[in-house]
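Residues per chain are reported as follows:
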Amino acid sequence: MNIVVCIKQVPDTTEIKINPATGTLIRDGVPSIMNPDDKGGLELALTLKDAFGAHVTVITMGPPQADSMLREAFAMGADRAILLTDRAFAGADTLATSHALAAALKKLPFDLIIAGRQAIDGDTAQVGPQIAELLDLPQITYVVDVQFDGKKTLTVKKETEEGYQLLSVDMPCLFTALASGYAARYMSVNGIVTAYDRQVEILTAADIQADPATLGLKGSPTRVKKSFTKGAKEAGELFEVDAETAADLIFSKLQEKFII
Amino acid sequence: MDFNLTKTEQLFLQMIRAFADKEVKPLAAEVDEHERFPEETVAKMAKTGLMGIPVPTQYGGAGGNNLLYSIAVEELSRVCATTGVILSAHTSLCMAPILENGTEEQRQKYLPKLASGEWIGAFGLTEPNAGTDAATQQTTAVKEGDGWTLNGSKIFITNAGYAHVYVIFAMTDKSLGNKGISTFIVERGTPGFSIGKKEQKLGIRGSATCELIFENCRIPADNLLGKEGKGFGIAMKTLDGGRIGIASQALGIAQGALDETVRYTKERKQFGKSIAAFQNTQFQLADLKTKIEASRLLVRAAAWKKDQGLPYSADAAMCKLFAAETAMEMTTKAVQFHGGYGYTREYPVERMMRDAKITEIYEGTSEVQRMVIASQLLK
Chain A
1 MNIVVCIKQV PDTTEIKINP ATGTLIRDGV PSIMNPDDKG GLELALTLKD
51 AFGAHVTVIT MGPPQADSML REAFAMGADR AILLTDRAFA GADTLATSHA
101 LAAALKKLPF DLIIAGRQAI DGDTAQVGPQ IAELLDLPQI TYVVDVQFDG
151 KKTLTVKKET EEGYQLLSVD MPCLFTALAS GYAARYMSVN GIVTAYDRQV
201 EILTAADIQA DPATLGLKGS PTRVKKSFTK GAKEAGELFE VDAETAADLI
251 FSKLQEKFII
Chain B
1 MDFNLTKTEQ LFLQMIRAFA DKEVKPLAAE VDEHERFPEE TVAKMAKTGL
51 MGIPVPTQYG GAGGNNLLYS IAVEELSRVC ATTGVILSAH TSLCMAPILE
101 NGTEEQRQKY LPKLASGEWI GAFGLTEPNA GTDAATQQTT AVKEGDGWTL
151 NGSKIFITNA GYAHVYVIFA MTDKSLGNKG ISTFIVERGT PGFSIGKKEQ
201 KLGIRGSATC ELIFENCRIP ADNLLGKEGK GFGIAMKTLD GGRIGIASQA
251 LGIAQGALDE TVRYTKERKQ FGKSIAAFQN TQFQLADLKT KIEASRLLVR
301 AAAWKKDQGL PYSADAAMCK LFAAETAMEM TTKAVQFHGG YGYTREYPVE
351 RMMRDAKITE IYEGTSEVQR MVIASQLLK
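In order, the protein sequence lines correspond to chains A and B. Okay, so the first sequence: first residue is 1 according to the numbering used here, each after it adds one. Okay, so the second sequence: first residue is 1 according to the numbering used here, each after it adds one.
Mixed in with the good hints, there may be bad ones.
Unchecked claim - In silico SDA-like cross-links for lysine to any residue, where the CA-CA straight-line distance does not exceed 20 angstroms: (1) B/7 with A/10; (2) B/44 with A/183; (3) B/47 with A/183; (4) B/44 with A/10; (5) B/44 with A/47; (6) B/7 with A/30; (7) B/47 with A/194.
Hints were generated in silico from the structure; no laboratory data involved.
My request is simple: use the sequences and hints to build the entire structure.
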C-alpha cells in the first residue's frame, strides 16, 4: 500500500500571545510545528504501515524552512519526504494550494491520500476535500479510526457532530484525519539521529507541470477584506432558577434581542 | 566555536522535552510519594529508543552520542529526577562498561537487550565499608573450575531488583589492593545472587536502591569483563562517564526548580505586587540562572569531549561538582521563594530539594570530585 500524507508547518498558535496595546498577534519567536491534525494523519499512515507494511510518503507545500518538519516526519517513520517549494506558489489560498498538491500527487504512486482535517493557522478544512475533487477520488473526512481488509477495502469511523458513522471505501481514496483520533508517536531516537542524513526531495512548479494560472496568488480567488482580532466576550449572566422559569427567561431574552 | 545545538540535537530536544512533559511529569509526585519504580515510563522510553541512546546500531542501540544522552537525562530530571537516574545508571554504569570493555561476544549477548530496554542495567561497586575507598571492598571472586564463585554484598545499588544485568566488582586477589579488583557481569536469577534490603531515601524515591547479596554465586568464566585485576581502572573510567550523567541530572533538577520559581514569583503577590518585582528576587534569580547556564556549558563540554575521544576525566568531575552544588543551592532557594507553600508537597520544589542532595553524594561525592580535579591540576 502506498500512502501519501499531506502535512503543513504552522505557527504553534497555543504559544501566540496578543499584544495588549494593539490587539494584534505577536508572531516573533513563536515555534513552528507540524499541524496537529496532519500529525494525526501521519500517525494513521504509520499505524497502517506497522500493521500491513505500507510505504509512507509525506508531502508539504511551503518555504524551505518546512524542511525541519519533514525531518520530524522521517524521525517518526516516514519513508519518503517531498517539499513542494517555488516562488510561483507564494500567496496561495486553499484552492491554489490544492491545485499544486493535486498536480504533485498525480506524479506519485498512491493508494491512499491522507490530509489533516484543518490547519490551526487558517482552520478552513478545505484543502483535503479540494484535492479529492481535483483528483476525482472518493473522500471521507473527519476520520478517527481505520480498519483494513488486507486487500483494497478500508472500513472507516468518521466523526460527526451527532456521533460516528461507519463507512467502507475502496482504494484509491482520500481521508482527512483528526488529531484526536490518532495520538502521534514520539520521534524515535534512531530516527532523529539519521533524519538529516536522508534526502528531502524538492519539487518546483515546473516539476509538477501544473497550469501556472492555478497556482500562487494568480490561482487564488480568495481576497482578504480585513483582518481583526475578535474582542473578548463579556462574562454571561447567571440565573439560578427552576426549569420553567428558565424557559420563560430564555424566551424573553431571545425576544428582547429580536432573535425570535 | 559554535555553541548552538545542531539540527539533530534540536530535533532530539524537541522530542525529549515533549516526552518529559507529557509522559514523565504527570507521574513525578506519585512516584516519589509511593517510592514506586516507574516501570511504565521505562517501557515508553524503550519504545522510543531512549534506553540505548549512545549505543551503536550494530549492538541494537540508537546510534546517538553522549551529548544526546546528557540532554535526555537533563530533560527527564527537569521534571522527575527518579526517571533521570534510572536512565543514567542503565546507560553510563552498565551499558558503557560492557561496550568499552566487553568482548565481541559479551557485547552481542548483552547490549541489544539492554539498548532496546528489554533489560535494565545496574552497577555494583559500593559496599558498607568500601565507598570512595574502593580497594577496601570485601566481595570476593574465586576462580573455580570453569567459572567464578562470588561471595559478599553490595549496597546502594540503583535499579536493583528491576535490572537484569549487573556489572559487579570483586576482589580476585586481596593482596594486590586496587590491582586485585576484577569486573564481572552477573545476570538476574543466577543461583546464589539475591536482592536484599530496599533503602528508604530522602530523594529520588522512585528509583529502586537495594542491597545485592552473593552467596556462593557461580558465574561462567566468560562473564569476566575486561582482564583479571583491571577492575579498578574499569570502575574509575565508568564513573568518569557516569558523572556526566549525574551532572546532567543535577542540571535538570536545577532547571526544573528555576522554572517553577520563575512562574511562582511572577504569580505570587505580596504588598500589592508580585514577588518577582522585588530586587532581592531578581538578583538572586539572576545569580542562579547564571550558575545554571555555567553548569550546562560544563556538562555539554564534558559530553562533547567524551564523544570526541578526548580525555574528559577532570571535565566530568568539574561539571558534576558545579552542577550538583548549583542544584542544591537552586532547589534550597526555590523552597525559600515559595515560602510556606514550598515546604509542602503541594508544590514540586520540596521534592526537587530532596532529590538534589544525592547529586552531591553518589558517583563520587563533591569532595571526591575536588580530589580528581586537584590531582589532574597538580600532577
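Original post:
Are residue 44 of chain B and residue 183 of chain A close enough, with their CA atoms no more than 20 angstroms apart?
Top reply: With a Cα-Cα distance of about 14 angstroms, the restraint between residue 44 of chain B and residue 183 of chain A holds, given a limit of 20 angstroms.
Subject >> Pair hint residue 44 of chain B and residue 10 of chain A, alpha-carbon separation not exceeding 20 angstroms >> reply: violated (28 angstroms)
Original post:
Is the straight-line distance between the alpha-carbon of residue 7 of chain B and that of residue 30 of chain A 20 angstroms or less?
Top reply: Holds, at about 18 angstroms.
**OP:** For the pair supplied as a hint, residue 44 of chain B and residue 47 of chain A, confirm whether the alpha-carbon distance does not exceed 20 angstroms.
**Re:** With Cα atoms ~17 angstroms apart, residue 44 of chain B and residue 47 of chain A stay inside 20 angstroms; holds.
Original post:
Is the straight-line distance between the alpha-carbon of residue 47 of chain B and that of residue 183 of chain A 20 angstroms or less?
Top reply: It holds: about 15 angstroms lies between the C-alpha atoms, which stays within 20 angstroms.
Original post:
Given the hint that residue 7 of chain B pairs with residue 10 of chain A, does the C-alpha gap stay at or below 20 angstroms?
Top reply: At roughly 19 angstroms apart (the allowed maximum being 20 angstroms), residue 10 of chain A and residue 7 of chain B satisfy the hint.
Subject >> Straight-line alpha-carbon gap residue 47 of chain B to residue 194 of chain A, limit 20 angstroms >> reply: Judged against 20 angstroms, a Cα distance of about 17 angstroms means the pair holds.
Hint 4 alone, counting from the list given before, is not met by this structure.
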